[in-house]
Amino acid sequence: MRPILLLLCAFTSLHAGDWPQFLGPARNCTAADEAVITGATEPEILWSRKLGTGHAGPVVVKDRVIVFHRQDSEMVTEALSAADGKPIWKQTYPANYRDSFGFDNGPRAVPCVAENTIITHGPEGIVQALDFETGALRWSYDTAAELDSPQGYFGRACSPLVTEGKVLLNVGGRNSKGGAGIIALDLATGKLLWQATDDEASYSSPILIPEDRSVAAFFTRRGVIVTEVNDGKVPRNDFFRAEIDASVNAAAPVPCGDGKLLFSAAYDVGTGLWQWNKAERQLTNLWKKNDVLDCHYTTPVYHDGHVYGLHGRQESGMTLRCLNVADGTVAWEAPERIQGGTLVLVGDKLLMHAESGELWIFTANPKKFDLVQRSQITRAGHRSHGAFANGVLYARDAEKMVVVKVK
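Residue numbers (numbering that gives the first Met the number 0): 0 to 406.
Here are the simulated PhoX-like pairs of lysine-lysine, each with C-alpha atoms no more than 25 Å apart in a straight line: (1) K89 - K49; (2) K259 - K277; (3) K287 - K366; (4) K49 - K404; (5) K176 - K190; (6) K399 - K85; (7) K366 - K259; (8) K61 - K89; (9) K277 - K287; (10) K49 - K399; (11) K61 - K406.
What follows is a set of in silico ranges between Cβ atoms, one per label pair, in the way DEER data are often shown: (12) D71 - K366: 49 to 59 Å; (13) A82 - E41: 19 to 29 Å; (14) N95 - N229: 28 to 38 Å; (15) Q313 - S139: 32 to 42 Å; (16) F238 - Y92: 31 to 41 Å; (17) T188 - E335: 48 to 58 Å; (18) T40 - A245: 41 to 51 Å; (19) W138 - A82: 27 to 37 Å; (20) D141 - D369: 44 to 54 Å; (21) T188 - D369: 48 to 58 Å; (22) E314 - T188: 39 to 49 Å; (23) W138 - S374: 38 to 48 Å; (24) L136 - K287: 42 to 52 Å; (25) A245 - Q281: 26 to 36 Å.
Bear in mind the hints are in silico, worked out from the structure with no lab data behind them.
None of these values were measured; they are calculated from a predicted model.
For each residue, glycine too, the CB sits at the ideal point set by N, CA and C.
Can you make the complete structure from the sequences, with help from the hints?
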């Protein structure tokens with residue numbers, strides 16, 4: 000529990016049970032100190048609310064749900080009541096993003112709430128800081144204009160990471176000072192504090208190494224990077240990506256205890272495990288394997304020596320797999336092939352919101368696939384990450400957000 004508690008110290012205004020950022024309080028797809036109670040009845044839908052376009056999942060802090068979506072020609076950040084979905088405030092800016100492949104034109108990145116501030120990162124490259132209580136704009140930074148951050152295949156998708164008064168992002172930019180693949184902005188002012196690497200942006204979002212919060216881990220388009228939070232120095236940069244250009248790195252790094260980090264991608268890349276040595280400031284690869292857990296975009300979840308994730312490309316279908324972290328061997332594979340989904344660990348249960356719109360609840364059991372419950376909660380065809388807070392799952396599809404009681 001100690002690494003999780005240390006990470007929560009960065010969010011001094013948060014309450015127990017909050018889900019303040021992408022992948023949860025500790026950025027590891029885990030709802031700490033929560034539990035799921037399953038029975039014969041299906042999960043109860045408490046309320047729902049229509050939303051605009053986008054793949055950005057919600058965050059939950061105190062008694063509010065923060066959503067980031069697009070309505071017509073505006074990018075919209077809204078604060079809603081967690082109890083019933085009623086609006087509290089709304090902030091907008093003009094939207095000019097057009098997806099190169101004709102897909103969804105809304106935001107992809109999940110907002111981050113820290114120190115009474117909401118940070119959003121739009122697909123066009125605009126980063127904004129809003130007051131949590133009122134929605135008032137504090138500052139705005141345009142990574143496309145300032146750093147020539149490219150749109151990429153599907154727009155900017157890095158969910159902001161806030162630590163030590165800095166906003167860390169994977170933007171793939173460049174300016175007169177050189178590479179700005181990774182940047183740190185000042186949380187209070189939006190000023191560019193440091194920039195590092197020539198790496199292109201990926202669709203992955205960074206995490207802090209739980210055993211050493213002075214270091215952030217990124218999965219850029221080129222591969223595995225660790226950076227010093229204070230000054231952006233890069234102790235290690237490992238190539239870990241597909242040989243073909245038409246490919247993506249999208250899953251976030253997965254903390255696996257004792258300074259170990261797991262990275263995974265599809266397109267014949269596979270999975271690798273790295274070890275961070277805090278004393279020596281070194282990152283060492285322990286193993287790399289292909290075709291054991293090749294994650295297209297879903298971030299796997301670690302629990303008791305194993306990771307649970309979706310193996311394979313969306314186009315050909317994915318399967319749930321359990322992987323032994325120590326040696327990279329496959330413990331089990333679920334029999335059904337699906338189009339995708341996102342995962343959250345709650346107690347000893349994993350919740351998967353599948354692209355079919357179903358909610359799967361299965362036990363984090365390395366010995367077998369143990370499906371406990373399966374029910375339809377949203378329409379099919381969406382892949383945003385949900386939020387889990389106080390026994391409630393907040394999930395969205397292409398049209399609305401649903402709030403589901405599973406405790």
